[in-house]
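**Q** Next come the chains, spelled out residue by residue.
There are 2 protein chains.
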Amino acid sequence: MANDILKYLKEKKYISGEVLARILGISRVAVWKQIQKLKNMGYKITSDQNLGYCLVSRPDLLLPQEIQRGLSTEYIGKEIDYFPELKSTNTTAKEKALYKAERIDEGKLIIAERQSAGKGRLGREWFSPAGGIWLSIILYPQLFPSYISRITLTTAVALVQAIKACTQIESQIKWPNDVLINEKKVCGILTEMSTELDMINWVVIGIGINANINICDFPEDIQKNSTSLKETSGKEVSRVKLLQTFLKEFEKYYEKLKKKEFSSILKECKFFSHTLGKKIRVDIGEKIIKGEAIDINESGALILKKEDGESIEIISGTILK
Amino acid sequence: MANDILKYLKEKKYISGEVLARILGISRVAVWKQIQKLKNMGYKITSDQNLGYCLVSRPDLLLPQEIQRGLSTEYIGKEIDYFPELKSTNTTAKEKALYKAERIDEGKLIIAERQSAGKGRLGREWFSPAGGIWLSIILYPQLFPSYISRITLTTAVALVQAIKACTQIESQIKWPNDVLINEKKVCGILTEMSTELDMINWVVIGIGINANINICDFPEDIQKNSTSLKETSGKEVSRVKLLQTFLKEFEKYYEKLKKKEFSSILKECKFFSHTLGKKIRVDIGEKIIKGEAIDINESGALILKKEDGESIEIISGTILK
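Residue numbers (the working numbering), protein chains in the order written: chain A, 5 to 325; chain B, 5 to 325.
There may be inaccurate statements among the hints.
One copy or any two copies: either way a pair holds, since identical chains are not told apart in the list.
[What the hints assert, rightly or not] Below, simulated DSS-like cross-link-like pairs (lysine-lysine); rule was C-alpha separation at most 27 Å, straight line: (1) K14 - K91; (2) K294 - K274; (3) K168 - K43; (4) K11 - K234; (5) K260 - K228; (6) K228 - K91; (7) K291 - K262; (8) K100 - K239; (9) K168 - K17; (10) K260 - K291; (11) K294 - K262; (12) K291 - K264; (13) K262 - K282; (14) K178 - K168; (15) K245 - K262.
It is worth saying that the hints were derived from the structure and are not from the lab.
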C-alpha cells in the first residue's frame, strides 16, 4: 500500500489525502498512516492543507521499491530482502539458499545498508559501512561446480561495465575477484556455492562496492589499498542507479554463462584485466608462485609463466604486492 | 542417566534397583523411570524381585550409546544426532553445517533409521528403509574444493575395508561414488560441500549402506541392480559393528587425506576398482563419452582412453550399463 501511494506521489507534484483514499479504496486515516510509514523510511513528504501531500525527496537507501522502480531485468532483483544492517549478506543468503524447497527464486537479492561482519575471500574482513553497496545474489545455475571462477569473473565484468556506464570511471579486474581503480580496491566479490560432485545446488555471489564512502573512514590498514567511487569522482554516485545498472549488466552476462558462452565474457575480462602482463607473486595457500601472468583460460584460471619457462594454471589465489 | 544404567546392566547379569540407585545417587523411582525409557528404546530388560534387573537384549538400532560404546575413533562420531526417521540425513546435516558458528564439531554424525526422501547423486532417489545404515558426516577440512572427488573415493575405500572386515565380503568401487558386490549396488556416497573459490566451508558426506534389507523389498526398477549385505551373506550383519568399523577406517583415511597423502588411498582405490580396465560409456551431463577406463589420477578423476586413442580426464559422471 505504501508503494502504491509512493507511485502517485511521484507522478504528481501534489496529491490530496482525499484523492489518494478514493483511488486506493481506503480511509483517509489509512492514507495518513502509510504516509507516516514512508516518512519513517526516510522519504521527505510535506503536506499542505489545500494542495495535499508532496514528495520532496527520497531517501538515499537501497529500498526494494527504489531499486525495482525502473529496473529492466527479467529476473535478477525481482525479489529483494532488504535490511538496514546484517552481519553479512552472504550468510543470510546462504541460509535462504539452503531452503530451495521453499521456492527461493533465481536472482533473489539480499541487501544491507551496512554489514557488521562483512567477509572477503578466505574469511578476511570486509569493511562495510553505510554508503557502500552490500548485496548477495542467489542463483541456481545448471552448471558444473568448476564454473565458480567463471561466475566470479562474469560478475567482475558486469561491475566494471556498470561503473563505467554510471560514473565514466574506468576500473580494472584484479584476478580472481576484485575490481580496482588506480591500483586500489573498489569492489570485491565473494562467490560461495553448495555442490555435489558434478552439480551446483546453489550459488551465492556476495558483492561489495565502495560507493559513497570517504577514504578517511576506512580502517588505517586498508586505507592505502582502498578507494571508493565517491573518492575517485569527487561526488556522490546514485547507489540505486548504479545497482540497477549492475543488475542489468549482470543478468546479460549471466545469461551467456548459463548457455556456456564464456568466450565473449572472457574477452572482456582480459580487456579489463589488471593482472595480465604483470610479473606477480601468487599465494596459492600451500606456497607462493612467481611468474608472469600471461593468460586467463576458458575455465577462468590464471596462466602463469614461471621463471623457468614453464606455464602453470592457477585456479585461485591471492596476488601479493 | 539412562546411559549410566545401561553401562551397569551390561556389566552385570543382574543388578538391583537398590544398588543402581545407590551407585548413581538417585531414587529407586528414578531408576525405574530410566529403565522404562530404555525399554521404550527397544532394550529388553526383565526384572526379578530377588535378583534385580537383567538386560536380555539390545535393540537393533543405531542409537548413539550403542555406536559410541567401544568406538575407537578420535573424533569421528563423538557427536551423533540420531533420528528414527528423516527426509534425508544430508539435508539435516547441511542445515547443521551451515551454523559452524555454533561450533558443530568436525566428525559429527547425523543418523536415521530410515529416510523418507533419501537422495543419491544428481537428485536421484535413494531407497532407504529400516535395516539399512543411513548417515551423514559433517567435516571442515582445510582442503581445496577440488578435493571433492578424493573425499568421495576415500569414503568408498573405507566402506570396502569395513565391509570386508565385518562380513568377509569383497566389494568393489564403481567410480565415482558407489560400492558394488557382484555388479550390484550395496553402498552409495553423496558428497556435498559449501565452498569459496579456493576454500571449503564445510563438507557433508552422505553414506547409504544396504545392510539388512531383503532384496524383495527393493522397488522393482532397482531390484536387479541392487543388493544388500544380508542378501549376499545370507545372514543379518551387526549394523552397529559395521558402522563402528567404517568410522574407524574412515578416520584413518581421512587423516591421510587432510595431510594431502592421497597416493596410498588412491592405490587402494584402484585395487578395489570395478571400473578400471573396462570399456564403458560415461554420461557427463552434456554428452556421453565412450572409451576404456585406464586410470584414476591424483585428483580422483577417471582417465578414459577414447576410441580415437585420445585420453581424457573426467571429473565426474555416470557410468552407463
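**Q** A separate judgement is required for each hint: does it hold in the structure or not?
**A** Results of checking the hints against the structure:
Taking the shortest Cα distances, K14 and K91 never come within 27 Å of each other, neither inside one copy (33 Å) nor across copies (50 Å). For the identical chains of this complex, K294 and K274 are intra-copy neighbours only, at 20 Å inside a copy versus 35 Å across copies, given an alpha-carbon limit of 27 Å. Within a single copy, K168 and K43 get their C-alpha atoms no closer than 33 Å, and across copies no closer than 71 Å, so neither meets the 27 Å cut-off. For the homomeric pair K11 and K234, neither the shortest alpha-carbon distance inside one copy (29 Å) nor that between copies (69 Å) is at most 27 Å.
Proximity of K260 to K228 under the C-alpha cut-off of 27 Å is found in neither arrangement, the shortest distances being 36 Å within a copy and 42 Å between copies. For a Cα distance limit of 27 Å, the shortest separation of K228 from K91 inside one copy, 25 Å, qualifies, whereas the shortest one across copies, 52 Å, does not. For the homomeric pair K291 and K262, the shortest alpha-carbon distance between copies (17 Å) is at most 27 Å, but the shortest distance inside one copy (33 Å) is not. Proximity of K100 to K239 under the C-alpha cut-off of 27 Å is found in neither arrangement, the shortest distances being 36 Å within a copy and 45 Å between copies.
Proximity of K168 to K17 under the C-alpha cut-off of 27 Å is found in neither arrangement, the shortest distances being 33 Å within a copy and 82 Å between copies. Only between protomers do K260 and K291 lie at most 27 Å apart by alpha-carbon distance; the minimum there is 20 Å, versus 35 Å within a single protomer. Proximity of K294 to K262 under the C-alpha cut-off of 27 Å is restricted to the inter-copy arrangement: shortest distance 26 Å between copies versus 34 Å within a copy. In this assembly of identical chains, the alpha carbons of K291 and K264 lie at most 27 Å apart only when taken from different copies (14 Å versus 32 Å within one copy).
In this assembly of identical chains, the alpha carbons of K262 and K282 never lie at most 27 Å apart, being 31 Å within a copy and 34 Å across copies at closest. In this assembly of identical chains, K178 and K168 lie within 27 Å of each other by CA distance solely inside one copy; the values are 16 Å within and 51 Å between copies. Taking the closest pair of Cα atoms, K245 and K262 come within 27 Å of each other only inside a single copy of the chain (26 Å); across copies the shortest separation is 47 Å, beyond that limit.
Of the numbered hints listed earlier, those contradicted by the structure are 1, 3, 4, 5, 8, 9 and 13.
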